[in-house]
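Chemist: The residues making up each chain are set out below.
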Amino acid sequence: AQSVTQLDSQVPVFEEAPVELRCNYSSSVSVYLFWYVQYPNQGLQLLLKYLSGSTLVKGINGFEAEFNKSQTSFHLRKPSVHISDTAEYFCAVTRTGGGNKLTFGTGTQLKVEL
Amino acid sequence: DTGVSQDPRHKITKRGQNVTFRCDPISEHNRLYWYRQTLGQGPEFLTYFQNEAQLEKSRLLSDRFSAERPKGSFSTLEIQRTEQGDSAMYLCASSPSGQVIQPQHFGDGTRLSIL
Numbered sequence: 001a002q003s004v005t006q007l008d009s010q011v012p013v014f015e016e017a018p019v020e021l022r023c024n025y026s027s028s029v030s031v032y033l034f035w036y037v038q039y040p041n042q043g044l045q046l047l048l049k050y051l052s053g054s055t056l057v058k059g060i061n062g063f064e065a066e067f068n069k070s071q072t073s074f075h076l077r078k079p080s081v082h083i084s085d086t087a088e089y090f091c092a093v094t095r096t097g098g099g100n101k102l103t104f105g106t107g108t109q110l111k112v113e114l
Numbered sequence: 115d116t117g118v119s120q121d122p123r124h125k126i127t128k129r130g131q132n133v134t135f136r137c138d139p140i141s142e143h144n145r146l147y148w149y150r151q152t153l154g155q156g157p158e159f160l161t162y163f164q165n166e167a168q169l170e171k172s173r174l175l176s177d178r179f180s181a182e183r184p185k186g187s188f189s190t191l192e193i194q195r196t197e198q199g200d201s202a203m204y205l206c207a208s209s210p211s212g213q214v215i216q217p218q219h220f221g222d223g224t225r226l227s228i229l
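Protein sequence lines, in the order shown, are assigned to chains A and B. Letter by letter, the first sequence follows residues 1 to 114 of this note's numbering. Letter by letter, the second sequence follows residues 115 to 229 of this note's numbering.
Any given hint could turn out to be false.
[What the hints assert, rightly or not] Quick list of simulated restraints, FRET-style, between CB atoms:
{"#": "1", "chain 1": "A", "residue 1": "K58", "chain 2": "B", "residue 2": "H124", "range": "30 to 40 Å"}
{"#": "2", "chain 1": "B", "residue 1": "K185", "chain 2": "A", "residue 2": "L56", "range": "37 to 47 Å"}
{"#": "3", "chain 1": "B", "residue 1": "D177", "chain 2": "A", "residue 2": "G62", "range": "27 to 37 Å"}
{"#": "4", "chain 1": "B", "residue 1": "Q198", "chain 2": "A", "residue 2": "P18", "range": "41 to 51 Å"}
{"#": "5", "chain 1": "B", "residue 1": "E197", "chain 2": "A", "residue 2": "N61", "range": "33 to 43 Å"}
{"#": "6", "chain 1": "A", "residue 1": "F14", "chain 2": "B", "residue 2": "L153", "range": "39 to 49 Å"}
Bear in mind the hints are in silico, worked out from the structure with no lab data behind them. No residue lacks a Cβ here, since even glycine has one placed at the ideal position from N, Cα and C.
With the rest of the complex left out, here is chain A (with noise of 0.2 Å):
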């Protein structure tokens, strides 16, 4: 089985200022890494996606997350963050086999302040 940690509950930051928000996965295969965006009483948005390849994957709206498989972490990093990505973001893994359900991490609450 897999799971995801997501340590920080809340993330406060200047617009403008750079953000990271961490997440790490534990697993005994293979994993594939995703992270999801959620505003308020809607659904999830896929930002960006680890399958393969390169380490560093660029998603939408100016983020990118790094794969790190010795340290188990999948970081999404934003170098200039606006008020608009205040919002809810969820790291999630999934591996091959068994339908790819998704297996969340409890989010964390990017709040952008002026």
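Here the structure of chain A is known, so what remains is to put chain B in place on it, guided by the hints.
Modeler: Just chain B, lined up with the frame of chain A:
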């Protein structure tokens, strides 16, 4: 690509009543997933279909819950004899199947409130 559609968006009902939610996936997606999200938590897997076959059910899915996808297109999730603990956001997602992992596309969810 019209996206994943869920209906209703909100449902308020009294404890003990039955409720049914509908999900229309992206048309060319043959996999359909149901997740449940409670306040302050990430979504938790409930069940998934490949075409019309329900291939896996989570232990979270008690015998009061039933899901169907009769023609391999839309799906319904029914909860019988609702309880306070069923209050949550119910999310539907769809994806293609294949050799390569495909990201799941989510609907906006149905928020269920039990009075």
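Chemist: Would you mind marking each hint as holding or not holding in the structure?
Modeler: Against the structure, the hints come out as follows:
At about 36 Å, the CB distance of A:K58 to B:H124 agrees with the hint of 30 to 40 Å. Between B:K185 and A:L56 the beta carbons are some 42 Å apart, a value that agrees with the proposed interval 37 to 47 Å. Taking the beta carbon of each, B:D177 and A:G62 are about 46 Å apart, not inside 27 to 37 Å as hinted. Separated by about 42 Å at the C-beta atoms, B:Q198 and A:P18 satisfy the suggested range of 41 to 51 Å.
Under the hint 33 to 43 Å, the C-beta atoms of B:E197 and A:N61, about 39 Å apart, fit the expected range. Taking the beta carbon of each, A:F14 and B:L153 are about 27 Å apart, not inside 39 to 49 Å as hinted.
In this structure, the earlier hints numbered 3, 6 are contradicted, and the remaining ones agree with it.
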